[in-house]
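Student: Here is how the chains run, residue by residue.
Protein chains: 2
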Amino acid sequence: MTSELKLDPWGHVSVKDYGRLMETFGIKPFKNILPKISQISEPNRYMRRGIIFGHRDFDKRVIEPLSKGEPVALLTGFMPSGKFHFGHKLTADQIIYYQKLGVKVHIVIADAEAYAVRKMDRKKAIEIGLYEYIANLIALGLDPAKAVFYFQTNHKTPYYRLIQLFSRKVTMAEMEAIYGTMEPSKVMAALTQAADILHVQLEEFGGYKNVIVPVGADQDPHLRLSRDLADRFHNELGLERPASTYHMLQRGLDGDKMSSSRPEATIFLTDPPEVARTKLMRALTGGRATVEEQRKLGAEPWKCTVYDFYMFQLIEDDRELQKIYDDCVSGRLLCGHCKRNAWSLLEKFLEEHRKKLEKAKDVVLKYVEPPKF
Amino acid sequence: MTSELKLDPWGHVSVKDYGRLMETFGIKPFKNILPKISQISEPNRYMRRGIIFGHRDFDKRVIEPLSKGEPVALLTGFMPSGKFHFGHKLTADQIIYYQKLGVKVHIVIADAEAYAVRKMDRKKAIEIGLYEYIANLIALGLDPAKAVFYFQTNHKTPYYRLIQLFSRKVTMAEMEAIYGTMEPSKVMAALTQAADILHVQLEEFGGYKNVIVPVGADQDPHLRLSRDLADRFHNELGLERPASTYHMLQRGLDGDKMSSSRPEATIFLTDPPEVARTKLMRALTGGRATVEEQRKLGAEPWKCTVYDFYMFQLIEDDRELQKIYDDCVSGRLLCGHCKRNAWSLLEKFLEEHRKKLEKAKDVVLKYVEPPKF
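Keeping their order, the protein sequence lines are chains A and B.
According to numbering that gives the first Met the number 0, the first sequence holds residues 0 to 372 in order.
According to numbering that gives the first Met the number 0, the second sequence holds residues 0 to 372 in order.
So that you can see chain A by itself, here it is in the shape it has in the complex (with noise of 0.2 Å):
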């Protein structure tokens, strides 16, 4: 990845950490296994506007067995420290595609690490995790009757039997040279991650050999201690290396982070309205300093946060996304204008969205038992 990436409309998020991140632990790029994709189904369009980035294994646990009908699991997980945004809706995406394609989706709600490394209030948590994560899942599309769903503190004894095992083959300096400074919280919280990604493979939770993880880029080492740890334990439990994927973190709207703590710069799939647009208008663009300017010089795409917006959430159609991208570096179609189109986009989702999101909460605790303190 290059700066050539600036001219490609869906290639201006820096690259530069994620180049680095490659290099250095070994993830492949996911653009060389995109003519394959074809062979399980069409791109979504994050594979396709290179989001989703790298990739490992995903040629052999996903492709090779989808395309021969092979059972295939997903394992992803949400930290239920905040309200739902566009940020986790890109994982959702990609959660609902896998499933339409005849993957069996396991979705865990990460209340133990919450609790004990986050420092959350417990009961905020899990109804955070009911109500936010799983609730806007199955809004989304996700259907929750053919998907499993838990709480890190209330699944079942094999479960943490593997948390236990575990325990033996890694040490300390190996858990500190991925995570820093350790904690008997993190102790807790990596090897239970390492146990959510890797216990499909138990006969008691389905028997899964090829299973994906599609992950934000900040997520790999998770993946690391979990394919060390299938590598320990292949012969004593027969583990297999899960497959990942890794997708750009869509920017806040102010150009820095999207998080629940930062609302200002993050919008939620609850937001009303009136919030949403003010929100949105108020977005850092890559726009001149004046009219003429830009109508001479071009506005920059590849800086703008609602242009983040297009490319991510707002149009599926690579050619129309391609349209603004060329209207706006040519300096047709100014910053105003283009929110203005952007907010009609985002008003009809949210305002379609909220329906479905009160009819899903109504269902949640049919598919999910919450811990019970």
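Derived from the structure by calculation, the hints contain no laboratory data.
There may be inaccurate statements among the hints.
Same chains, same label: a pair holds when it works inside one copy or across any pair of copies.
[Said to hold, decoys possible] In silico lysine-lysine, DSS-like type, Cα no more than 30 Å apart, as pairs:
id	residue 1	residue 2
1	Lys155	Lys123
2	Lys256	Lys354
3	Lys155	Lys122
4	Lys371	Lys145
5	Lys123	Lys168
6	Lys208	Lys123
7	Lys168	Lys122
8	Lys168	Lys82
9	Lys208	Lys67
10	Lys118	Lys208
11	Lys347	Lys122
12	Lys122	Lys208
13	Lys88	Lys185
14	Lys155	Lys371
15	Lys99	Lys360
16	Lys82	Lys67
17	Lys88	Lys208
18	Lys355	Lys67
19	Lys295	Lys278
20	Lys347	Lys27
21	Lys155	Lys185
22	Lys371	Lys103
Please build the complex by placing chain B on the supplied structure of chain A, with the hints as guidance.
Tutor: Then chain B, alone, in the frame of chain A:
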């Protein structure tokens, strides 16, 4: 505890280390509450003879509730790392004593710790847990129908939830102060032991607020961590500090440690008669260099591992024990004769126990579910 105890028939065991333990960590002398035991029962021989030398909260959590007819639970654990020997019997006898008083007995087989910390073979540890520990407890008189047995890797979910939650409220520095250098396996084992001790207070496991943990003097670190965690989770989960008793460890037949890993100095409850006899006949005594000298000076029972066997295991009647002691120190009783007397008692016990054990092995699986892997 002072050197005058040397003149006490059951005070000969080196108490220097135990005295320091009590001063440093606030363990109280058991003898001070001995008179109160009569409120609930006759004291057992370990209590009467000062073998149980210390306690925490025994009056508050055992004597008071039992005398009022309130429920009390017992929790103790066995590391399935080797065969069941007379050191284990000391704990077993206490467990059975409490069960007869109406205490609800919970026995944990520490198979997770055996695997992760002691690097034991997993199947072997499970086998030993079932057919050495649980079977011997039943053969010794524990009523399995009234007891709860479980393996650390095969218990109910709220037990594991407790381990997860505990990790939040203890720091690595605290663990290192208690246990020395930490590895992930030791972090897991320590948090698991705390859950073992405290989980019977949860509603899901009976909701016992009065819990007694009888342990050897070397196990106090686990109790200290558990008491701290009980305090830190008092508001959140209603946990109370467990009571504990501390017993001296019976020495091996060479005067050093009795241990499964030192079979020549340790008599197992499954030793064939000729093996047990040979070990006992070779045991270190407190005898003098010559018969003449012994007749003149008397022997030193406080140095004698055969006398240990009388005191800890073979003789229930205190006057009978006193007579052996008196005959020994006066020079009337010589070691050869004394060993033969001990052997006749031990032989009888082993013979009867062997029969009971065979029967117990047949029913073990009725009372506990071993982990599947």
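Student: Any hints this thing doesn't respect? Which numbers, in order?
Tutor: 11, 16, 18 and 20
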